[in-house]
Amino acid sequence: MTRPPVRHRIITASLLTVAALYFLVPVYWLVVSATKNSADLFGTFGFWFSDHPHPVDHLVAVLTYDHGVYARWFANSLFYAGAGAVCATLLSASAGYALAKFPFRGREAVFNVVLAGVLIPGTALALPLYFLFSAMGLSNTYWAVLIPSVVSPFGVYLCRIYAAAAVPDSLLEAARIDGAGEARIFGGLGLRLMTPALVTVFLFQFVHIWNNYFLPLVMLSDSDLYPIQLGLTSWTGYADRQPVLYQYTVGGAFLSVVPLMVLMTVLQRYWRTGLTEGSVKA
Amino acid sequence: MSRDTLSRPEPAVRKRARKDTGSRPRRASRTEARNARAAAGFVLPFLALFGLCFIAPIGYALYQSLQKTERAGPLGLGGREQETFAGLANYAHALADDRFLTGFGRVLLFGAVQIPLMIVLATALALLLESASARGVAFFRSAFFLPYGVPGVIASILWGFLYVPGISPLVKTADFVGWDVDFLSRGTVLWSIANIVTWQFTGYNMLVLIAQLKAVPGELYEAARIDGAGAWQVARHIKLPLIRPALVLTTVFSIIGTLQLFAEPMVLRPLASSIDSGFTPNLHAYSEAFVGNNQHVAAAEAVLLAVVACVLSFGFLRLAGGRAKGHR
Chain S
0 MTRPPVRHRI
10 ITASLLTVAA
20 LYFLVPVYWL
30 VVSATKNSAD
40 LFGTFGFWFS
50 DHPHPVDHLV
60 AVLTYDHGVY
70 ARWFANSLFY
80 AGAGAVCATL
90 LSASAGYALA
100 KFPFRGREAV
110 FNVVLAGVLI
120 PGTALALPLY
130 FLFSAMGLSN
140 TYWAVLIPSV
150 VSPFGVYLCR
160 IYAAAAVPDS
170 LLEAARIDGA
180 GEARIFGGLG
190 LRLMTPALVT
200 VFLFQFVHIW
210 NNYFLPLVML
220 SDSDLYPIQL
230 GLTSWTGYAD
240 RQPVLYQYTV
250 GGAFLSVVPL
260 MVLMTVLQRY
270 WRTGLTEGSV
280 KA
Chain U
0 MSRDTLSRPE
10 PAVRKRARKD
20 TGSRPRRASR
30 TEARNARAAA
40 GFVLPFLALF
50 GLCFIAPIGY
60 ALYQSLQKTE
70 RAGPLGLGGR
80 EQETFAGLAN
90 YAHALADDRF
100 LTGFGRVLLF
110 GAVQIPLMIV
120 LATALALLLE
130 SASARGVAFF
140 RSAFFLPYGV
150 PGVIASILWG
160 FLYVPGISPL
170 VKTADFVGWD
180 VDFLSRGTVL
190 WSIANIVTWQ
200 FTGYNMLVLI
210 AQLKAVPGEL
220 YEAARIDGAG
230 AWQVARHIKL
240 PLIRPALVLT
250 TVFSIIGTLQ
260 LFAEPMVLRP
270 LASSIDSGFT
280 PNLHAYSEAF
290 VGNNQHVAAA
300 EAVLLAVVAC
310 VLSFGFLRLA
320 GGRAKGHR
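Just so you know, the sequences run in chain order S and U. Numbering-wise (numbering that gives the first Met the number 0), the first sequence opens with residue 0 and increments by one. Numbering-wise (numbering that gives the first Met the number 0), the second sequence opens with residue 0 and increments by one.
Hints are not guaranteed to be accurate.
Partial chain S-side listing against chain U, Cβ under 7 Å, derived [claimed, not checked]: (1) Pro3; (2) His7; (3) Ala19; (4) Leu23; (5) Leu90; (6) Phe101; (7) Pro127; (8) Ala252; (9) Leu259.
Think of the hints as simulated: they come from the structure by calculation, not from any bench. For every residue, glycine included, the Cβ atom is placed at its ideal position computed from N, Cα and C.
Could you build the full structure based on these sequences and the hints that come with them?
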């Protein structure tokens with residue numbers, strides 16, 4: 000392969016660098032600002048550290064403010080996203096596996112209904128869901144956020160495509176001849192062979208639930224049940240009267256971004272492979 | 000980082016092969032019954048919850064949108080509340096509301112400008128990263144993708160601080176060079192929101208496009224290069240047509256996302272007086288339900304929103320699909 004001309008490489012590098020600045024500067028601002036107290040947040044230049052950075056103190060202040068309510072929101076977010084994504088993955092895996100491996104009447108109809116679910120905007124659904132759940136007495140409970148989070152039509156779609164390609168029928172037949180039940184075959188063979196797809200579904204759903212704002216906003220009124228996003232916006236709502244909350248909002252935003260950043264960086268390659276499966280057919 | 004963790008799926012092939020099992024009718028029917036039982040066990044848990052969280056709410060919203068609350072008692076105040084059939088009155092009410100319609104117009108304008116910009120940017124970055132001239136690909140890819148890990152609310156809070164005078168280093172810097180800029184004025188705030196959305200989702204779309212680019216066999220590029228095609232020609236005539244499906248997918252998801260626009264204006268509202276409660280259709284439906292206490296109109300608006308989203312995304316799919324056939 001011939002090496003591209005130097006001129007090309009310089010142009011490419013500068014364009015990529017400009018883009019990287021655009022995407023990274025706000026994150027950089029967040030990191031810098033998390034080390035500042037309220038006065039410095041307003042009084043010093045935003046893109047540089049103040050004279051007395053106190054990152055640890057400020058983050059501890061965020062965590063302990065109002066009897067540690069931030070830590071509670073953080074735990075809630077972890078619970079919604081963690082438990083929700085695990086259940087969503089298992090449900091999608093089993094439905095996708097069945098749609099790929101058992102020819103039954105109405106299979107395509109079921110699959111098409113699920114696919115239509117991918118195209119329905121989530122927030123258009125959230126309000127009706129609230130009306131329904133509130134009629135059922137489920138609003139303002141953990142269930143109100145958790146139950147809708149475990150349904151992932153996209154996960155089913157992905158699992159079906161993946162199971163069709165990665166789980167050989169001959170292997171299933173062999174297991175059946177050995178006398179294994181369908182549930183055991185799925186648990187022992189199917190799930191194992193589908194692992195890469197399951198990681199992708201888990202990640203998608205985890206980030207989706209973690210980032211969801213509208214659903215918890217309409218469902219929850221008790222601040223003890225809030226996920227982080229909702230908690231932080233409730234702080235910004237009071238910041239006019241209590242300016243220290245600006246500082247806590249910045250610190251809280253910083254803390255909330257860290258776990259997802261780590262997750263994203265580590266699992267990026269699974270993520271990418273999952274995306275291809277999604278786009279091949281569309 | 001290779002793609003070998005997932006092999007390319009071939010769903011259609013195996014389906015055919017399956018049909019041949021059980022040549023004798025009796026055995027076939029027994030297999031069928033066994034299949035159906037097993038499949039039901041695997042599919043029903045998901046379908047039950049799908050029904051509860053997708054189908055039932057749509058049905059309930061349709062039902063609610065056709066109802067109205069009537070208050071018995073003098074002057075319609077106090078007394079018992081009663082639900083009665085309202086016909087299409089709630090839809091008429093929603094469609095007669097100037098602010099609701101303006102909000103729709105606003106997000107359509109937003110989408111018409113922001114989606115093409117974002118997709119072009121994502122495509123350009125994907126092509127640059129996948130070109131032979133790029134160095135430090137892993138770093139840049141992660142840097143561009145990073146904002147996707149920032150939830151919409153946090154991104155809006157973050158950019159809100161970068162927009163608001165007094166705290167924003169951007170405004171200060173602009174001021175310093177003599178540029179008097181207001182990111183939150185009536186005329187600019189929509190584009191400030193567009194910037195937040197672009198910042199968040201360009202990297203995600205770029206990754207989808209890169210994934211599809213990777214699926215293109217390398218020999219194709221080699222052949223083109225041997226034929227004397229430059230980097231630009233390879234991108235224009237080979238890569239772009241081949242990543243069409245991914246471009247369609249990202250555009251459809253962007254259309255759906257745009258119509259749902261909510262968190263960004265909601266978070267920026269305290270900072271920008273130009274954002275009112277009807278700024279986007281979603282915001283309008285939300286305030287009808289929780290501020291105006293008018294569930295029925297809110298339900299009608301949610302239905303309208305879903306219908307418009309479906310029409311637009313299906314419409315785009317048709318359009319894109321039709322053109323693809325024309326090419327072949």
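Comparing the hints with the structure gives:
no.	hint	verdict
1	Pro3	holds, 4 Å
2	His7	holds, 4 Å
3	Ala19	holds, 4 Å
4	Leu23	holds, 6 Å
5	Leu90	holds, 5 Å
6	Phe101	holds, 4 Å
7	Pro127	holds, 3 Å
8	Ala252	holds, 5 Å
9	Leu259	holds, 4 Å
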